[in-house]
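These protein sequence lines are chains A and B, in that order.
Residue numbers are given in the numbering used here: position 70 of the first sequence equals residue 70, and the series is strictly consecutive.
Residue numbers are given in the numbering used here: position 2 of the second sequence equals residue 2, and the series is strictly consecutive.
There's no promise every hint is true.
[What the hints assert, rightly or not] Among the chain B residues that face chain A by a calculated CB cut under 8 Å, a handful are:
#1 L55
#2 D76
#3 F88
#4 N94
#5 R98
FYI, nobody ran anything at the bench for these hints, they're computed from the structure.
Glycine included, C-beta positions come from ideal geometry on N, C-alpha and C.
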Amino acid sequence: MHNFLSEIKTTIKNLLSRKGRSFLTILGIIIGVAGVIIIISLGAGAQSLVVGQVTKLGTNLIGILPGKSNENGPPAAVFGIQIKTLSSRDINMIKDKGNIPHAVAVASFVNSNATIISGRESIDTKFVATDGTYPQVQNMEMEKGQFFTEEEANASDNVIVLGYDVAVHLFPNGNELGQIVKIKIPNNNPSITKDVGSIPFRVIGVQKKMGTAAFQNQDDQVFIPFLIGQRQLLGIDYIQSARVKVDDAINVKITIEDITRVLREQHGINNKEDDDFSVRDLADAIKLLTSITDTLSIFLSLMAGISLVVGGIGIMNIMLVTVSERTREIGLRKAIGATRKNIRNQFLFEAIVLTLSGGVVGIILGVFISYLIAIGARLAGYDWAFIVSPIAIILAVFVSIITGIIFGLYPAIKAAKLDPIVALRYE
Amino acid sequence: MLIELKNIIKNYDNGGLITNVLRGINLEVKEGEFMAIMGPSGSGKSTLMHTIGFLDRPTSGEYLFDGIDTKDFTDDELARIRNERIGFVFQSFNLLPRTTVLDNVILPLLYSSSKKGLEQRAKNALEAVGLGERITFMSNQISGGQKQRVAIARALVCDPKVIFADEPTGNLDSKSGSTVMHILEKLNKEGRTIILVTHDINVALHAKRIVTIRDGEIISDRKVLEEERVHSKEAID
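So that you can see chain B by itself, here it is in the shape it has in the complex:
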């Protein structure tokens, strides 16, 4: 089991006013899964993703990653897990401005322990998302769809076990969005675990499993039937 959550609770304390964002989440994710977390805004799906992605710690509950209890990990250890085992793709790309596509993709490698062949590894990641030709472009000279593909390359470059994509198509037109989903499908086919956060059922239907969350609790967890799955036909240019 890659990810195992047992009764995860997350409370936010806003000056004495306590909000229960996650109220006892139990979830298991196997390696190689393609899972979508769905739910309306405020349901706690982003908090759940942040917790699974080690950007946030649960208030209580047990989280085993790759079979190891993560409770006593220090901040530096969590940073290292984020660097080596996890890749993030955000809705708003979060590329560094005034920086080339290549340097954006190299960035995670600068924080990693193995710094051999940085450029080649970054180039390989960019090839995988079909952007091998644009490595010298500045991050603000390319289209939104290309920016998100650079972000995917950046998530890939450290060869992580899991890729978290938080509304990856939210800021894109349907064609670019379709290309991005196509890449995620391809990565999953190659064996990588993908966890997708979205409120859009048409995006969620690219995944093989949909977990729906409302008011901090999982209200459904189902397999996507092969006949209802959406497959992106959009080829990468």
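In isolation and in its complexed conformation, chain A is listed as follows:
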């Protein structure tokens, strides 16, 4: 035990006697390890942000969009291209329990930019026209009042539910319920086919503050019944998107198949290549997004790994210098009974202490910088989680030790092979 402890003591003493050089030697390792820690932490943070944003809408959701898309890319509708292949009849077929047994609720959507006017106040925002089933499909809670019912939506009542920010802007006193607001579609909107002027709506509810979900501010929008939005405001007869809530996660895949089959029947499509719609679940979206962040993480980690290799070569270089500087010491140690193995282990140990301390400093630095980035992202309004995975830290420690062994071995063997007489005479 004294042997090992005093070995550590001697090694640290040797390294501390050359503080400046030791520090410069391990700088490459510090940068490499810190880089890997930061990249892994950022990757995990970004992924948690993405997954959090997507799942905030709700789980077990299936989205239906017009237009074909391949497995790995987003559908064209995402880019704002108007495709008219999805109709209310399609959605009614999907709502039919006999066709899609696992669907709990289905909601259709059209949306557009709009100006909401209340007296002299007005706000530029977005309206979402949807069905009364919306609260069953997506996560939403009401601050006050109610969401419109199926009946109100089917009867085309002029009722409106305000997003939190919109409500606060138009009614700072909080007396929204029962008030009349007007919706005006801007003339430059490409979706509209005729100028309808402004249409009055009665406020029946305010949505609770939600923040962002799916990278959109959920508080900066209003909800109106589907048909009014589609026919009266936009003057169109197609559907921009629909969402289906499935009863259980295990039924999501089979429900996607059911929906696809129904839509192909409706559209008279026989093979996959001719699909004019896309059916996706959230798991797909998460998979797509995480695969992008994963690829980036791996690529950047490789770059940081190169820094580790360069750092390792630095270690080897300085250990060779150390061995030649301490040739007489090696000779003496051999003369008083050190075996080759003793000498080899001593220098190997010194290299490992170097790389390991570089690794520890790198971990501290990496965690600190990751933390600063997380704080910065939160200040910028993102729901960013500060994640440092224990695996990353264990990996960093492991990699630093391995680097020490790999790049310390050659100098250590060189030291062990020294002839004691030659070493003792070395000037």
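We have chain A already, so just place chain B on it with the hints.
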């Protein structure tokens, strides 16, 4: 017989140019002897000491140590003999820098198989050379004479059969040198075998036997008469 050399030959091969450093050395050393190896520089006396001290292997010839033929010893076995049976004292001390006197003396024990009571054994060795008080000093904070005494303590600490001293007074003033020789005499009186390598007859005359070597061969081997022996009066402080 502690050491028995039979026709030891050592050649160095310097890129095809072969130098005969030792040309058939025959030598016997009994336990408890105090022997000096003398000779001018280049005579082969250092090579002879390195060979006897297992720092180097002979090209040919037979070397029996304590009655055992050493020819087939592995490097690790030789390291163990150097550790347990032999102590070296060098001209230039070879202490570890930035290390205390005590840790310098402990060093050989770290390579030995018995690691019990390290500190006490090192302290005892330092007492024997009169440095019991200075154990916490750094090796570069003490005088040259004290450094050589630390080196002797380091050679002693594993309780070896033989101590090899290679020009132990070469880097010292006469007073410190005298103290070092006094310690070696004392160790010999206590029964330890001492082999001294020197080119200085006044140092060699501390020994009881002088072997002179020239051009790799022993040219004389004589007992030192009691009346010509030099005894160091220098007490250790």
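Checked hints:
Contact between L55/B and chain A, as hinted, is supported at the beta carbon level, the nearest pair being about 5 Å apart and thus within 8 Å. Because the smallest distance between the Cβ of D76/B and any Cβ of chain A comes to about 5 Å, under 8 Å, the interface hint for this residue holds. Given hint, F88/B at the interface with chain A, holds; its Cβ is 5 Å from that chain's nearest Cβ, closer than 8 Å. Taken as an interface hint, N94/B checks out: its beta carbon lies about 4 Å from the nearest beta carbon of chain A, inside 8 Å.
The beta carbon of R98/B is positioned within 8 Å of a beta carbon in chain A (closest approach about 5 Å), and the interface hint is therefore held.
Checked against the numbered hints listed earlier, the structure breaks none of them; every hint is satisfied.
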